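J.: Letter by letter, the chains look like this.
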Amino acid sequence: GQNIDQPTEMTATEGAIVQINCTYQTSGFNGLFWYQQHAGEAPTFLSYNVLDGLEEKGRFSSFLSRSKGYSYLLLKELQMKDSASYLCAVRDSYGGATNKLIFGTGTLLAVQP
Amino acid sequence: KAGVTQTPRYLIKTRGQQVTLSCSPISGHRSVSWYQQTPGQGLQFLFEYFSETQRNKGNFPGRFSGRQFSNSRSEMNVSTLELGDSALYLCASSLGGKTDTQYFGPGTRLTVL
Chain S
1 GQNIDQPTEM TATEGAIVQI NCTYQTSGFN GLFWYQQHAG EAPTFLSYNV
51 LDGLEEKGRF SSFLSRSKGY SYLLLKELQM KDSASYLCAV RDSYGGATNK
101 LIFGTGTLLA VQP
Chain Y
1 KAGVTQTPRY LIKTRGQQVT LSCSPISGHR SVSWYQQTPG QGLQFLFEYF
51 SETQRNKGNF PGRFSGRQFS NSRSEMNVST LELGDSALYL CASSLGGKTD
101 TQYFGPGTRL TVL
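Chains as they are written, first to last, in the numbering used here: chain S, 1 to 113; chain Y, 1 to 113.
Where hints are given, some of them may not hold.
What the hints assert, rightly or not - Here are the simulated lysine-lysine pairs, DSS-like style, with alpha carbons at most 30 Å apart:
1. S:Lys81 x Y:Lys13
2. S:Lys57 x Y:Lys98
3. S:Lys81 x S:Lys57
4. S:Lys68 x S:Lys57
5. Y:Lys57 x Y:Lys13
6. S:Lys76 x S:Lys57
7. Y:Lys13 x S:Lys68
8. Y:Lys98 x Y:Lys57
Said to hold, decoys possible - Partner residues aside, some chain S positions facing chain Y, computed with beta carbon under 10 Å:
9. Thr23
10. Thr26
11. Asn30
12. Thr44
13. Gly53
14. Leu54
15. Gly58
16. Phe60
17. Phe63
18. Ala84
19. Leu87
20. Asn99
21. Ile102
What the hints assert, rightly or not - A short list of chain Y residues far from chain S (calculated; beta carbon distances all over 10 Å):
22. Ala2
23. Gln44
24. Glu75
25. Leu83
26. Leu110
These aren't lab readings, by the way, just hints derived from the structure by calculation.
This structure is a prediction, so every number in the text was calculated from the model and none was measured.
The C-beta atom is built at its ideal place from N, Cα and C for all residues, glycine as well.
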């Protein structure tokens, strides 16, 4: 079956670091995405991991372990504008699927002053 | 480069009616994927079109259909609307390869009364 798990909600303080975890069990795997979605807006692309290891992009980093079915998104120097929902998505490769993304239900992050 | 555009942004329909949503991808992108987002289920894959052909399909009833035109613009149709079809419908475009990133449009908010 297809299953992606992330915490429903998290709270952190402005200026701090927060790690959002994602575990997955899918029939096929061809990369893992993280998207940010502010309320009422479209998801915006943050990162893409297809190989094991850490990808760093400014204040955001994403890690992948394919053997463990595990990823995390690390946000540093948190700002109030980082308050949003963070979506973990696996690109399914089962049956040759190319652009089918399977999403977790998202983690709602609240950044407090 | 202009982003993904979707029209209309908001739509109110009654049960039994049908609706057509439109998506214009980023210039040069040949793949368009459609997703349904609801509070309870999160983002769920509907289907993907590439070069005017449906390449992948999710687990939705046949009332949900789509098509893609030669200029890569895509439409999604829902017939015999049900209350449960109320959702945010998002389209995402990409170049179409197995490692390409999907970029989302702002979505169409459909309310079925």
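J.: Evaluate each hint against the coordinates.
T.: Tested hints:
1. S:Lys81 x Y:Lys13: Given that 30 Å is the threshold and the Cα spacing comes to 34 Å, the pair is violated.
2. S:Lys57 x Y:Lys98: Roughly 22 Å separates the two Cα atoms, so the pair holds.
3. S:Lys81 x S:Lys57: Holds, at roughly 17 Å.
4. S:Lys68 x S:Lys57: Measuring from Cα to Cα gives roughly 23 Å; hence the hint holds.
5. Y:Lys57 x Y:Lys13: holds (25 Å)
6. S:Lys76 x S:Lys57: holds (11 Å)
7. Y:Lys13 x S:Lys68: violated (45 Å)
8. Y:Lys98 x Y:Lys57: holds (16 Å)
9. Thr23: Check failed: Cβ of Thr23 (chain S) comes no nearer than 15 Å to chain Y, outside 10 Å.
10. Thr26: Violated: closest Cβ of chain Y sits about 12 Å from Thr26 (chain S), beyond 10 Å.
11. Asn30: Check passed: Cβ of Asn30 (chain S) comes within 6 Å of chain Y, closer than 10 Å.
12. Thr44: holds (7 Å)
13. Gly53: violated (16 Å)
14. Leu54: It is violated, given that the least Cβ distance between Leu54 (chain S) and chain Y is near 18 Å, above 10 Å.
15. Gly58: This hint is violated: Gly58 (chain S) lies away from chain Y, its Cβ roughly 17 Å from the closest one there, beyond 10 Å.
16. Phe60: violated (15 Å)
17. Phe63: violated (18 Å)
18. Ala84: violated (14 Å)
19. Leu87: holds (7 Å)
20. Asn99: Since the shortest Cβ distance to chain Y is 5 Å, the answer is holds.
21. Ile102: holds (7 Å)
22. Ala2: holds (14 Å)
23. Gln44: violated (7 Å)
24. Glu75: At roughly 18 Å from the nearest Cβ of chain S, Glu75 (chain Y) sits farther out than 10 Å, so the non-interface label holds.
25. Leu83: holds (21 Å)
26. Leu110: holds (15 Å)
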